[in-house]
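These are the residues of each chain, in order.
Protein chains: 4
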Amino acid sequence: MSYEIKGLNEECGIFGVFGVPEASKLTYFGLHSLQHRGQEGAGIVSSDGEKLYQYRNRGLLAEVFADENDLNRLTGTAAIGHVRYGTSGNNSIANVQPFLFRFHDGDIALAHNGNLTNAQTLKCELEDKGAVFQSTSDTEILIHLIRQKKNLGFIDALKASLNEVKGGFAFLLLRKDCLVAALDPNGFRPMSIGQFDNGAYVVVSETCALDVVGAKFVRDVFPGELVIIDKNGLRIDHYTTDTKLAICSMEYIYFARPDSIIHGVTVHNARKKMGRLLAKEQPAPTADMVIGVPNSSLSAASGYAEEAGLPYEMGLIKNQYIARTFIQPTQELRERGVKMKLSAVRGVVEGKSVVVVDDSIVRGTTSKQLVQLLRDAGAKEVHMRIASPPLKFPCFYGIDMSTRAELMAANHSVADMCKIIGADTLGFLSIPSLITAISVPDAGNAPNGGLTVAYFDGKYPTPLYDYEEGYLKSLKQTQIQEG
Amino acid sequence: MSYEIKGLNEECGIFGVFGVPEASKLTYFGLHSLQHRGQEGAGIVSSDGEKLYQYRNRGLLAEVFADENDLNRLTGTAAIGHVRYGTSGNNSIANVQPFLFRFHDGDIALAHNGNLTNAQTLKCELEDKGAVFQSTSDTEILIHLIRQKKNLGFIDALKASLNEVKGGFAFLLLRKDCLVAALDPNGFRPMSIGQFDNGAYVVVSETCALDVVGAKFVRDVFPGELVIIDKNGLRIDHYTTDTKLAICSMEYIYFARPDSIIHGVTVHNARKKMGRLLAKEQPAPTADMVIGVPNSSLSAASGYAEEAGLPYEMGLIKNQYIARTFIQPTQELRERGVKMKLSAVRGVVEGKSVVVVDDSIVRGTTSKQLVQLLRDAGAKEVHMRIASPPLKFPCFYGIDMSTRAELMAANHSVADMCKIIGADTLGFLSIPSLITAISVPDAGNAPNGGLTVAYFDGKYPTPLYDYEEGYLKSLKQTQIQEG
Amino acid sequence: MSYEIKGLNEECGIFGVFGVPEASKLTYFGLHSLQHRGQEGAGIVSSDGEKLYQYRNRGLLAEVFADENDLNRLTGTAAIGHVRYGTSGNNSIANVQPFLFRFHDGDIALAHNGNLTNAQTLKCELEDKGAVFQSTSDTEILIHLIRQKKNLGFIDALKASLNEVKGGFAFLLLRKDCLVAALDPNGFRPMSIGQFDNGAYVVVSETCALDVVGAKFVRDVFPGELVIIDKNGLRIDHYTTDTKLAICSMEYIYFARPDSIIHGVTVHNARKKMGRLLAKEQPAPTADMVIGVPNSSLSAASGYAEEAGLPYEMGLIKNQYIARTFIQPTQELRERGVKMKLSAVRGVVEGKSVVVVDDSIVRGTTSKQLVQLLRDAGAKEVHMRIASPPLKFPCFYGIDMSTRAELMAANHSVADMCKIIGADTLGFLSIPSLITAISVPDAGNAPNGGLTVAYFDGKYPTPLYDYEEGYLKSLKQTQIQEG
Amino acid sequence: MSYEIKGLNEECGIFGVFGVPEASKLTYFGLHSLQHRGQEGAGIVSSDGEKLYQYRNRGLLAEVFADENDLNRLTGTAAIGHVRYGTSGNNSIANVQPFLFRFHDGDIALAHNGNLTNAQTLKCELEDKGAVFQSTSDTEILIHLIRQKKNLGFIDALKASLNEVKGGFAFLLLRKDCLVAALDPNGFRPMSIGQFDNGAYVVVSETCALDVVGAKFVRDVFPGELVIIDKNGLRIDHYTTDTKLAICSMEYIYFARPDSIIHGVTVHNARKKMGRLLAKEQPAPTADMVIGVPNSSLSAASGYAEEAGLPYEMGLIKNQYIARTFIQPTQELRERGVKMKLSAVRGVVEGKSVVVVDDSIVRGTTSKQLVQLLRDAGAKEVHMRIASPPLKFPCFYGIDMSTRAELMAANHSVADMCKIIGADTLGFLSIPSLITAISVPDAGNAPNGGLTVAYFDGKYPTPLYDYEEGYLKSLKQTQIQEG
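Protein sequences, first through last, are from chains A, B, C and D.
Oh and the first sequence: position 75 is 75 in UniProt numbering, straight run, nothing missing.
Oh and the second sequence: position 482 is 482 in UniProt numbering, straight run, nothing missing.
Oh and the third sequence: position 355 is 355 in UniProt numbering, straight run, nothing missing.
Oh and the fourth sequence: position 262 is 262 in UniProt numbering, straight run, nothing missing.
Treat the hints as calculated values from the structure; they're not laboratory data.
Cβ atoms here follow ideal geometry from the backbone N, Cα and C, with glycine treated the same way.
Please note that the accuracy of each hint is not assured.
[Claimed, not checked] Restraint ranges, calculated between C-beta atoms of paired labels, are given here:
(1) C:Ile236 / D:Pro285: 46 to 54 Å
(2) B:Asp105 / D:Asp230: 37 to 45 Å
(3) C:Thr366 / D:Pro311: 23 to 31 Å
(4) A:Gly444 / B:Val414: 49 to 57 Å
(5) B:Gly59 / C:Ile93: 22 to 30 Å
(6) A:Asn69 / C:Lys176: 38 to 46 Å
(7) A:Asn69 / D:Thr436: 53 to 61 Å
(8) B:Lys216 / A:Ser430: 39 to 47 Å
(9) D:Asp105 / B:Ser439: 48 to 56 Å
(10) A:His104 / C:Lys176: 27 to 35 Å
(11) B:Gly59 / A:Pro21: 31 to 39 Å
All chains, full assembly: derive it from the sequences and hints.
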């Protein structure tokens, strides 16, 4: 048995709507605002009350639906959609969601954001019972579990199945006559409910997708909940009450869009406060100005600048056009290629001592190049400030953060890191300040203020199942081989 | 005779290099940083000293060169490249540059940024002499002029031809053994020279393209100059000395990249100063914060905020993914569609009085939607501030700014405009402040500090030739019909 | 429950090889010679002894593998390939074969030529047990059956499964270390074994595929046989001995290539003999010449001419280029469009009395146009002769011959048909003469000389399972509704 | 100066119509029946009386117009179309016809079948006068010549220009209000006029295109004629009376479709008679049967069989599906690859002495493989008979027949050729018998019965201009270098 651990990770955005005209077009607009959550594939399944219709392909949403006819064919008043971040190697079209499964007793479509931690175990068990899988995605497992116990009826079979899968998950299921959403017992991934003026409901990964389609925010989906939407309206059910909020802090730190509101907290505001607390914890007394790494770190940088009483300047420019990465030039050209994403503004940084605020350091290669870029543009001093704690442990709940061996902070002290990246000084935000900056109002008495901070302290809020033995053990032995 | 005036307008970015290995790949990287100057088509012509090789197509650079082989086939140590902004209607592949003309006595490739104001007249004259044109682009005219007087020798024929064409132009010409650049007598369009460590030269539309390829800035190209680069190095020549700098102020206002330096002025710094002067001229006493329209107005907004002593906030988010515009939804969906580009951050603007800084108002439709977006997100007051004077007259020198009938400020007072877009107050920067903010050091005693500000005051620095009779006259009669 | 009967029909060509370098390229060449058996989709799965690799798509083989890299990536020394005839409506890429199923205990690829008559029943039973199907093809059923009884071991599970499926089938299965072929108990579809000089074996739908790859014919696969090829060579096994040869007569009549040899009979020779016997049974005393409908009826026409002592002429020309059928012109143009496939040679038929030999009449529309074409070209008399008996009943074993309601001979007498198509006379071959013309040496004492002639007499050699109730009953009531 | 001679050769089919609804669709159907004349590119230009519309691309007609919208956009009641045979190297889309040239005083479209023998000379002269060419095709020259003398008026300028170009040509020109056809003074290429029931006219390369669109044959176009079609109907004019019919005999031998009638002779009948005369001149006393190489040699083979009193058999099968040629297998596979086009029918030829009739031998490689194919299938004796004289000299009038160095018969005796290809005997038709077999009724007292037979005897009916010095001289020295 040799599943590749990495291949199972997926990050995604999901969108579902029930009871509106041209549901697939609305879904297209909604997915567009969730495109930052996944750029490798996109798809939509619609229902006209009788049949389900599917279109999906690899690529950006606008590439997938480059021919409008492919969208027009998805008729009906209900739809679910998906944008997918796929790690290389399992980038087959068979893995692009939503999945659509056809049965003689009624079709089911499925879209998923998250990562199951017992996927391998369940898959082997199912295959040993005769199951035939069509994708390498762990998402498909849910359908097999449901169908194994179809005699219970759909909703009860779904509830029982949700109690078998472990990890982080936000599922959307579409049948010809209903839309169902389900969130894992820790609420690792965000999911919110909105409503249109006509009363129809919509379920989305982030609230920014509500704004674009003109829906009003109703409430977040909570851990263990099942949201059932049909012609009778919306009903909240539970498949478990053994829940404890532990929302992924990386959503606030860099993954979600700044205008989204997750569990009552505007992401931009959380980031700005991370920047303020960072300025208190990690001042840079000699600095002339603060600059942010566009786009995800601009909020934190402006917070740092305000707190520090320093000017906030535009010292780095991001090229908004994406270059193909295939072009592998000679070594000489490759170093120039690095500059295709970011440019330093010489007229701003020349001769200055600058604080650069970034959201995180993963492998450290980008940070090193960033420092060099600023020095090449004439910066006198470069003080790197990171608006989150050092990343030392991987995420098993749905964000592809690479393995531990690749995480720079897992293997180096802050002092070493500073030296390697070539900065004058380097400082990180502390875990307590991170929790304070976010301050989830819904947290109740959940640990860490309702956040998962395991990426920083290694204390995962759940057992890790498949990863426990095969993976973490190998981490301890530091014998990781990667392709 | 019925050429469509609009169809001749083109905005572009050009890049040329001579004497480096893999010249076409370098050109690819350079064009990538100029992509903001044109997204409708791209192409490269290379020379290996014997033959010229061409590849071009419609679309973004990364789409055009999606198959790396198309780039690899462009062998050689010299190349010119082009990214093109094409108005609809003449978007044929035959109009995508660089053009490559094959002759029994040696091929010539040509790339152009600008607009000729006597193109129609010249084209008719040439056709009447037997010329056969292959594109509807005015760029092709230069080749016909050169070939008509080929007996003079290439450089002298080119010089004579450059004295026949009128308007704004920056030309790059590539032959098997030389690269030539030429700028119009007013220097309407920017063009700069860089140099590699190995001594090879590069000519670019904006200096941001020098940084990405690792070249050092040498000097700007000046009006009337001819830059000839061959195996003997670089030589500056002139085809005319009757010159007067009148660089397009729109390059500073919104078109160029903020990290580019044009005639000694960093674009970001100019914009920031426009924001500062705007804050002085058009204060907003009741405002709580300043926000900018991403991305082009962020520099000016931060300048405004600093001058006004107000917090600079991220109240608007730009979706970095481009949606296909073809999707024409129902009226209901269309208004939502507007929100696909920009989102207001409710958590920032709710209950606040905000100053929104934008770089310009063309038709006013975007401004109106912007104001509505902010009000929908809960903004208490919306004070629109524009970091340039009211746009009243079209550009005939290479920027496609629509016709005068479409320019909101050409037909409405500022008070009317404020009412139409729905803002609480509206204020523009004055022309003198614009000139002060930019302050071109190279200007000498040129009028308007070496800038073209005709878009604001209608005083064009040159005769308008083809546009004089047919076009401007019709403008005065306001009888414009457009398709 | 509402499966569409038509949608399950499939006609195909299959090719499998084990133990040669570049097995996928060999498979490509082999499939090319089987392209006449299916033009809607093509695919290849290869094995390098460790892993299986798949590529498939809709379209002709040369379109599917238009990029040679897609073929090169299919490394290894074993492969199976498939060309598919798909009826409209189920033309999804998910239905293009070979299918590749990945399991934690070893992958299985599958290619199929035929039609299962109990597919709906089996599929419902499997779904009720929890099976999740990924295609609408009945081929996938075999894998589910095998996996349900995987504890038996692969070969025994396969044998047991082959006893559960009914109808006409020729299966190829590829695992990392073996290639298996299986034929139904009546041998409805042809399948032959070949061998290379190096000893490696190949299994093909028709022997014409052996010639193109340079393999020598070994033997045909017989009903009920299982052919297992691995590193130990070839082994013939049986999953049942309750067999009776009833090979599809339509393979000889029009489907197979004339150079193929099926159960010892060269297809061209069988057709020529059909023509000779037709000339005896259905002479045309006033005729000046004999012409055939290209390409499938040329053999029979030359046989008719020889027997009748008439000149064999080229009176009809087939356009070898395929026109898109999408172009739906006005009524006036549509009738011209008919002529795009076939042209009459005026210089041959003008003023002459001609015998036209065709292989069969399905709906009669082509025959009618053919007669008109010849009359327009000046033919004096047109005597239509069909080298097979009247088609009255559909095929349920793998050839998509339309439903009975569409079969002209099912609803009209020969005299009526002659009148409708506008011929001077019309004559068909008798069933006994068809059997005599083919004379399968391997037939033993099987009924009808080892042939299925149910299309002509309605006496199917097996029960029809799913089709028995739902379909044939409806045929009797002549209440067929088709989309 | 170094034009490649080979690159100028082009073979094509042309179709023009004036005065019918949906002219472009009719042109599509007409071109489909001319597809055998060129498979490398296709295009159509239509006129709606005001504007001309163009679409063209590389590939087969059905590939070029795969999207029906591209055809629908070509509105209007007049159109010209072109299918193109392009030699490698100049296969740019810029060379695909019809060409469309836009002028301020009216557009002109142009389609050409033929080859100009003074193209290089004219092109250099024109370039020296300032002309800028957009293609490497010699066709474009005509437009430049016309425009140089545009003051004469269009028809007179065209007439004068037609007297300047030399070689073989059939031109179609479309303007917004007229369609003009012109044929060279020797009528090297066929061109015929047809008429619809509504009186509208059509001009085509071969009469088979009349049948498919439902037009009646009116007359052939004769050497030196100008056919002018406009709203006033059809008018025949002349640009020269110094004419002498010398139609290309290769059209009858292998190029034209068998159902076409050229100057009164049905191509199939001419070929059958070539076969009969070949049987008389080159009998094969020991033969058991006659087989033809499909498809072009089947007519001649049946003629040979009838004359010889031998059975005509189908011993070779042509695969009707075209394989991509890019797939370059190992040497072992390559020899199998040869068999992808043709297959021998073992059941027919095994143990037999066969006469194989082919239309011609160019390089001899195909003949060699053919003989081997038949021997591999068990043929006892192989007697190769060629239904035309030995090909020793290239065509300069429009058929790409390779250079003389590649023509097997230019460098070997018949006895040598027989040995090289491995046949038992080899025999060719004589030139007088070729002329007798065709017997053009329109020939009058023109030499060689109105045919060009220079490919066999080297006596070209015109001076060869560009080819005289540079090319034929080099042939005499047998110093040809090709790429």
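Right, here's what the structure says about each hint:
{"no.": "1", "hint": "C:Ile236 / D:Pro285: 46 to 54 Å", "result": "48 Å, holds"}
{"no.": "2", "hint": "B:Asp105 / D:Asp230: 37 to 45 Å", "result": "41 Å, holds"}
{"no.": "3", "hint": "C:Thr366 / D:Pro311: 23 to 31 Å", "result": "29 Å, holds"}
{"no.": "4", "hint": "A:Gly444 / B:Val414: 49 to 57 Å", "result": "53 Å, holds"}
{"no.": "5", "hint": "B:Gly59 / C:Ile93: 22 to 30 Å", "result": "26 Å, holds"}
{"no.": "6", "hint": "A:Asn69 / C:Lys176: 38 to 46 Å", "result": "41 Å, holds"}
{"no.": "7", "hint": "A:Asn69 / D:Thr436: 53 to 61 Å", "result": "60 Å, holds"}
{"no.": "8", "hint": "B:Lys216 / A:Ser430: 39 to 47 Å", "result": "43 Å, holds"}
{"no.": "9", "hint": "D:Asp105 / B:Ser439: 48 to 56 Å", "result": "50 Å, holds"}
{"no.": "10", "hint": "A:His104 / C:Lys176: 27 to 35 Å", "result": "33 Å, holds"}
{"no.": "11", "hint": "B:Gly59 / A:Pro21: 31 to 39 Å", "result": "33 Å, holds"}
Checked against the numbered hints above, the structure breaks none of them.
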